[in-house]
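**Q** We have chain A already, so just place chains B and C on it with the hints.
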Amino acid sequence: MSDILEVDSVSKSFGGVRAVDGASFRIGAPGIYGLIGPNGAGKTTLFDVICGRQFADSGSVRLAGVRIDRLRVHQRVRLGLARTFQECRVLEEETCLDNVLFAAQDKNLGREMIQTFGRSEAYRRTAMAEAERLLDLVNLGNLQAEPAGNLSYGQRRLLEIVSSLIVKPRLLLLDEPASGINPTLLNMLRDFLLRMFAERQIVVVIVEHNMEFIMSLASHILVMHQGRVLEEGPPAAVQTSQRVIDAYLG
Amino acid sequence: MLPARTAPLLSGALFAAALYLVPVPFAGYPYVLFALTLTLCYAIPAMALNLLLGYTGLVSLGHMGFAGVGAYVTAVLMKHGIASFAPSIAAGTLAAGFVGALVGVPCLRLRSHFFIIVTLAVGMLLFLLFNNLDWLTGGAAGLPGIPRPRPLDLGFAVVDPRRPVGIYLLAATVFVLVFVIQYALVRSDFGRSLAAIRQDETLAASRGVDVFAHKLTIFAISAAIAGLGGGLQVVFLRAAAPQSFGLLEDINLVLIVIVGGAGSLFGPSLGALLFVALPEALRVADAFRMVLFGAALVALALFAPRGLWGLAAAAARKLRSDESAVARVGHS
Amino acid sequence: MLKVRGLEVGYGAGRRIVNGVDLHVDAGEIVVVIGQNGAGKSTLLKGIFNMAPFRSGEVTLDDAPVFARSPPALLLAGLAYVPQNRSLFPKLTVAENLRLGGFLLRDRGKVERRLDELHTLFPILAERRRDYAASLSGGEQRMLEIARTLIMAPKVIMLDEPSIGLAPRMVDLVFATARKLAERGAAVLMVEQNVKKALQKSDRGYVLELGRIQIEDRAAALIDDERVGSLYMGVSS
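Protein chains in written order, with the numbering used here: chain A, 1 to 250; chain B, 1 to 332; chain C, 1 to 237.
The reader is advised that the hints may include incorrect statements.
20 Å max Cα-Cα, derived EDC-like pairs, lysine to aspartate or glutamate [said to hold, decoys possible]:
no.: 1; chain 1: C; residue 1: Lys197; chain 2: C; residue 2: Glu140
no.: 2; chain 1: C; residue 1: Lys91; chain 2: C; residue 2: Asp131
no.: 3; chain 1: C; residue 1: Lys197; chain 2: C; residue 2: Asp224
no.: 4; chain 1: C; residue 1: Lys155; chain 2: C; residue 2: Glu127
no.: 5; chain 1: C; residue 1: Lys155; chain 2: C; residue 2: Glu8
no.: 6; chain 1: B; residue 1: Lys318; chain 2: A; residue 2: Glu132
no.: 7; chain 1: C; residue 1: Lys197; chain 2: A; residue 2: Glu146
no.: 8; chain 1: C; residue 1: Lys180; chain 2: C; residue 2: Glu127
no.: 9; chain 1: C; residue 1: Lys196; chain 2: A; residue 2: Glu146
Honestly, the hints are just simulated from the structure, not real lab data.
So here's chain A without its partners, still in its complex pose (with noise of 0.2 Å):
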């Protein structure tokens, strides 16, 4: 039985600056995993590399044993991972169910064809009771048939992460999904993370710098430093940990 995620000696150097330096890990369970560390701690490149938003330089990334990092991003995808951005994205002009939807259609070029003749919607019906089901349970049950360019940006946070659940991934990376959301919104996304977790069991990994937030909702974490994996473990003994006190304050 293959870990879920196995990140081998991974490096990446933009322009002379070793962002990730022989980052490893390996996450064999499902569970919340927290990936922290100070500013310039490689974490960002490390999870563009396994998104596919970047490629190693070197090392290697498998996804439940298959080699991802040579993938393309869509790829990945299809293969099971699913990633929110920083930047929070979503179909602005798409309403927000349409948003949803649209992560569950089948993109694969050769059936998105057949089905411009075909015709069928089959997918669409199967899927939109999930996509009803857990925007209400983001209080955007409401909102459903409002383009998601007039939501909130909390409430756009929120659209974006359920939209990356419809598919069931194998891995969701989440990249600071806590980032400029206020306080009251942090809880009911820490609740909702819990449930989607209990229902799904799948790994997730959230890059956080809100450290009340990730250390509340992981149940594992990884603190990077330098580009490498400087330490991991339950939140409270990472809290403590003097060695990543340091790292921390310098």
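**A** Below, chains B and C alone, put in the same frame as chain A:
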């Protein structure tokens, strides 16, 4: 996921019926039929470009070049009697699609600004081929003397494309066909993926869309449809000339789509009506026409970014909401 | 010298990043504001300098109320600000960049005199005054940005993460520059990521968390204060 408000099936059928009934009042006015047929010939490449520009967000400044490919392939095959109308225009369509795919493979990997410039270059390159391959295309003089298709016996009537009514009906049929294809593509899952690419490519990719493959597919389809329009045009005009597919026409086509309303189903046709039929009707001189259109474009960019069709749609919506507001007040 | 009372700052309607901050900086001292990412440190400085859309509270400079003044007016009143991102003109020379610091001053003679003073104060910049700013090292560029503010002879200088992205030697250089300014009588307010080093080189410190000041103390005391580490790690007290 509806990229634009679309008329339901009934209005579509009514519209098609209206299109076919046009010759009834205008049978005795060959010039009107001429203007309308020419409009239909331009509406087809306009709808093709709309698929790229309006729905996928790809600006192609050399699109009439693909129309030219379709035009010249059709023209050569028909002029030299190698094939009849249907196979000739089919060949033209496929050839244009093929050239589109060829061009698309290297160009679609470029980022938007570079892509726009390269499409301009491609259009100019194709024009140079039309203008200079004398032995094939007739060079600057073009290819005159293209025969009209043979009359078609439908049983209850005979459609003779050698006469104004006949060629108009043929053009109308091709128009309806392209319109239906446009409609099907736009309203399908494929269309939804294109809309996603237009709104946010990075997001689309992260939702599993193979962005490059989608862009290449629509680019080839769009080029093919433009080729179909080009083939129809040269059969209608009985001649192929390189100027019809040069830089000015490339820009004209973009204006037609944008002014008419990019991203809507009817916008390109409205734009074609405005840019083709109206000038013919007004007999306005070429230079003055360009000034007028330039001014129209600026005005639209400022006040109506969704083009004239967008303006009409917004007005219709306002009318409906006003009506319901009045109705509510009336019942207080 | 600089007093801030009840400052609230936000970017979008409704959401406040800085949630009621009181602080003060006196002439001749270096005060550092530390805190996690997203705590509101940069926003705090922007709020003081009137570069954020939603603000409320009080800011006084030398007991004069300056909250409502525009950034140019603040510069003329004696408040300088060096933002986090590079704010140099890379294709202008060092001297030209420095001179541009005096853009608001009418008296060109004064500008030239101050420029000469700066050359004495910062020999490295004097040496390279005819070089393009882009050719300087990271630390030297920071020094140039800080020196540029001195043309206005400010009373208060605010630095947003001056050490960010710099090599350790350069970090020392930047902090040494800040100390030079304080020694000449300016009040220096720094926002910093590099907590240990910044506290070592500062006189007092504030710890900002969730948009509020959580701890305030002498810098030397904060270095040993365990609450600082816990705050950074999100341990609720």
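**Q** Can you give the numbers of the hints that this structure goes against, from lowest to highest?
**A** 4, 5, 6, 7, 9
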